[in-house]
Amino acid sequence: MSALLTLDSVCQRFGASTALDAISLSVEQGEFIALLGPSGCGKTTLLRTIAGFLTPTSGRILIEDKDVSAWAPYRRPLNTVFQNYALFPHLSVLGNVMYGPRRAGVARRDAQAQSHEALALVGLTDFAARFPRELSGGQQQRVALARAIVNRPKLLLLDEPLSALDLKLRKRVQLELKHLQQKLGIAFLFVTHDQEEAMTMADRIVVMHGGRIEQVGTGTEIYRRPASRFVAEFIGDANILPWSCDDQARVTLDGTELAMPGHIEVPPVARGIAVLRPEDIHVSPTRPHATDDASSSPTSADAAPDTNETTIMGSPSPRRDPSTIGSSMSTPPAAGCMALTAVVTDLVSIGSHTVVHAQAGEHKLLARLPGLPDASLASGQTVTLSWRAACMHLIGDAA
Amino acid sequence: MMSGLRAPFLLLIVPLVFFTAFFLAPLATVVVASLSASGNESGLTLDHYVRVLADRYHWDVILVTFRIGLYTTLACLLLGYPLAWYLVRIVKWRTWRRICVIMLVVPLFTSNIVRSFGWMVLLGRNGLVNDGLMGLGLVDRPVRFLGTELGILIGMVYVLLPFVVLAVGNALARVDSSLEQASSDLGARPAATFMHVTLPLTLPGIVSGAIMVFTLAVSAYVTPALLSGGRITVLSMLIFQQYSSVFDFHYGGALSVVLLVFTLIMVALAARIGTVKGSAT
Chain A
-11 MSALLTLDSV
-1 CQRFGASTAL
9 DAISLSVEQG
19 EFIALLGPSG
29 CGKTTLLRTI
39 AGFLTPTSGR
49 ILIEDKDVSA
59 WAPYRRPLNT
69 VFQNYALFPH
79 LSVLGNVMYG
89 PRRAGVARRD
99 AQAQSHEALA
109 LVGLTDFAAR
119 FPRELSGGQQ
129 QRVALARAIV
139 NRPKLLLLDE
149 PLSALDLKLR
159 KRVQLELKHL
169 QQKLGIAFLF
179 VTHDQEEAMT
189 MADRIVVMHG
199 GRIEQVGTGT
209 EIYRRPASRF
219 VAEFIGDANI
229 LPWSCDDQAR
239 VTLDGTELAM
249 PGHIEVPPVA
259 RGIAVLRPED
269 IHVSPTRPHA
279 TDDASSSPTS
289 ADAAPDTNET
299 TIMGSPSPRR
309 DPSTIGSSMS
319 TPPAAGCMAL
329 TAVVTDLVSI
339 GSHTVVHAQA
349 GEHKLLARLP
359 GLPDASLASG
369 QTVTLSWRAA
379 CMHLIGDAA
Chain B
84 MMSGLRAPFL
94 LLIVPLVFFT
104 AFFLAPLATV
114 VVASLSASGN
124 ESGLTLDHYV
134 RVLADRYHWD
144 VILVTFRIGL
154 YTTLACLLLG
164 YPLAWYLVRI
174 VKWRTWRRIC
184 VIMLVVPLFT
194 SNIVRSFGWM
204 VLLGRNGLVN
214 DGLMGLGLVD
224 RPVRFLGTEL
234 GILIGMVYVL
244 LPFVVLAVGN
254 ALARVDSSLE
264 QASSDLGARP
274 AATFMHVTLP
284 LTLPGIVSGA
294 IMVFTLAVSA
304 YVTPALLSGG
314 RITVLSMLIF
324 QQYSSVFDFH
334 YGGALSVVLL
344 VFTLIMVALA
354 ARIGTVKGSA
364 T
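Those protein sequences? They're chains A and B, same order as listed.
With this note's numbering applied, the first sequence covers -11 to 387.
With this note's numbering applied, the second sequence covers 84 to 364.
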């Protein structure tokens, strides 16, 4: 079965500026795709191009193998939920929802029945006679949704439809929308700048930046294996460390050779960056006299995370080499683990977790610990940051 | 403490005095005159109104007046809406749009008399319009414009068109383009989008433009007086006669009040259309 929507190197240029640069993408029937990117990345332009409000400068848009690039919006078998909802202010809620079926030539009575059905789906049965201005933002968003799905489109385009809602409502609507999408089997193409929203709802996420697609993948893929520094930093928090590879294929991380566990992929280039997620870092206080105590075993304070790690990794607990002070990398004797001595600069507790800001030489690192901070941790303290090398994701420099 | 109250009071008193002195007082004078007995008798009477309404001739004049007003309004809407559309939607070049608006508004700065005389020249038997029509072979002999309702209509439309263009243009510019896109997205062809979205959303502008044109048209004096050639009489000409040559202020006042009441009824009807449909905007 062919793809529902195929974009074939779609370009969109406005004068000298390029809004979309050779976008190629295919969307399957019933898929939930999130177009994710910062403002100005071209995601809304792409959506408007698919909807037909903009004609691509070059490239083709195919819906079920039909080239619709030159079709006017009203001919395209898709519907849009606009960012500001664009509800008709002079029509009642029912009138708004009936608009599509009526234009398609459905008899008034049938259009009414279909519209009531669609309103029931979004939980607005009792609001049919109201006018849009009498509804809250969340209700208006539902009307916009009902007005689109009543037409049973194969593809629904949603342009940041939740951005006007408050956080609590947004979280609830995200899940409702996901369930509705699964129930209807309509493919959703959802534009958002909120990575959490994209992660919550989408089957696949398309990360856009500067008019290009940076990466397409599931939420886990783009989080664990970002294709570029941009993706790494845009999706969640990332610690970025430089790595390089010599001609003997030995990888060094910030000057220290990296003991390579089997399953860490090294791109075939000479240097790049390593991405390390804050929740993968364990923080343990370095004892004041650790410098003299070269062969000290892990203290009880950091035994807990290490034990934990051992279970996950199935490898021996990492031993630290605290003789190295400051920023230099220390290669842990235990295979697959790395550690770094750093100074805590800030300790931010958000209740559910604690963010440790640490300075290791020229690098600023973030670590995220579950729960409230350990009483033994304090700002200005020297700590050891440790992590499994396998948690790192290496990205090669394009240059 | 005092200055906090005095400032808004002073700001209010000026327009209030102005409104009373130049609008309410003259109107009251007219109404009182229309209701008071003429000659040396005193007391209130409805005689003048009976005289106005009992005479078929007056009804004919009222009919002509409101027919011209209605046709003028319709013609202004039919010409003004596309013109406003052109200015707001089609013209992309700002300078050209400004030039168009200036061309539209500049005639309003010229005296009504001058403009109407201009039309007398243009619409005359040997005027430019007739020359043009005959030159194109559309008519065999000169069309008589002067002294016909058509002539008055042409002159009025020319004078009053800017009001519709400005009112509708303003409404058109305020229509959220995403609503028209939503309509198109929902499968409506351009014509359907216009009928179901753009037109209803610009209705308040249409109504306010129409009310302005209609009230100005039924109360217009100079244009009908000059272009009628004495063959057609509208209510304002009758009123002018009573005040300026007959000096019957009672009868003239009654005619004025009749015109005012009829106009207000029409405006109220139009405003109702505007609010019933436009309430949703």
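Take the hints with a grain of salt, since some may be wrong.
[To be verified] Facing chain A, according to a computed beta carbon distance under 10 Å, are these residues of chain B, among others:
(1) Val204
(2) Arg208
(3) Asn209
(4) Gly210
(5) Asn213
(6) Met217
(7) Leu229
(8) Thr231
(9) Ala265
(10) Ser266
(11) Asp268
(12) Gly270
(13) Ala271
(14) Ala275
(15) Val280
What the hints contain is simulated information worked out from the structure, not anything from laboratory work.
In this text, a Cβ means the ideal position worked out from N, Cα and C, and glycines have one as well.
Hints, verified against the model:
1. Hint on B/Val204 is violated. Least Cβ distance to chain A is approximately 46 Å, over the 10 Å limit.
2. Annotation: interface hint on B/Arg208 violated; nearest CB of chain A at approximately 50 Å, more than 10 Å.
3. Because the smallest distance between the Cβ of B/Asn209 and any Cβ of chain A comes to about 51 Å, over 10 Å, the interface hint for this residue is violated.
4. Restraint check, B/Gly210 versus chain A: the minimum CB separation of about 45 Å is more than 10 Å; hint violated.
5. About 46 Å separates the beta-carbon of B/Asn213 from the nearest beta-carbon of chain A, more than 10 Å, and the hint is not met.
6. At a threshold of 10 Å, the smallest CB-CB gap from B/Met217 to chain A is about 45 Å, leaving the interface hint violated.
7. With a least beta-carbon distance of about 44 Å to chain A, the hint placing B/Leu229 at the interface is violated under the 10 Å criterion.
8. The beta carbon of B/Thr231 comes no nearer than 40 Å to any beta carbon in chain A, farther than 10 Å, and the hint placing it at the interface is violated.
9. Because the smallest distance between the Cβ of B/Ala265 and any Cβ of chain A comes to about 4 Å, under 10 Å, the interface hint for this residue holds.
10. Interface hint status for B/Ser266: upheld, as the beta-carbon distance to the closest one in chain A is roughly 7 Å, under 10 Å.
11. For the restraint placing B/Asp268 at the interface with chain A, the shortest Cβ-Cβ distance is roughly 5 Å, inside the 10 Å limit, so the hint holds.
12. Because the closest C-beta pair between B/Gly270 and chain A is about 4 Å apart, less than 10 Å, the hint holds.
13. A cut of 10 Å between beta carbons decides the hint on B/Ala271: the least distance to chain A is about 4 Å, and the hint holds.
14. For B/Ala275, the interface hint holds, the least distance from its beta-carbon to any beta-carbon of chain A being 6 Å, beneath 10 Å.
15. With its C-beta approaching chain A no nearer than about 6 Å, B/Val280 sits inside the 10 Å limit, and its interface hint holds.
The structure is inconsistent with the numbered hints 1, 2, 3, 4, 5, 6, 7, 8, although it conforms to all the rest.
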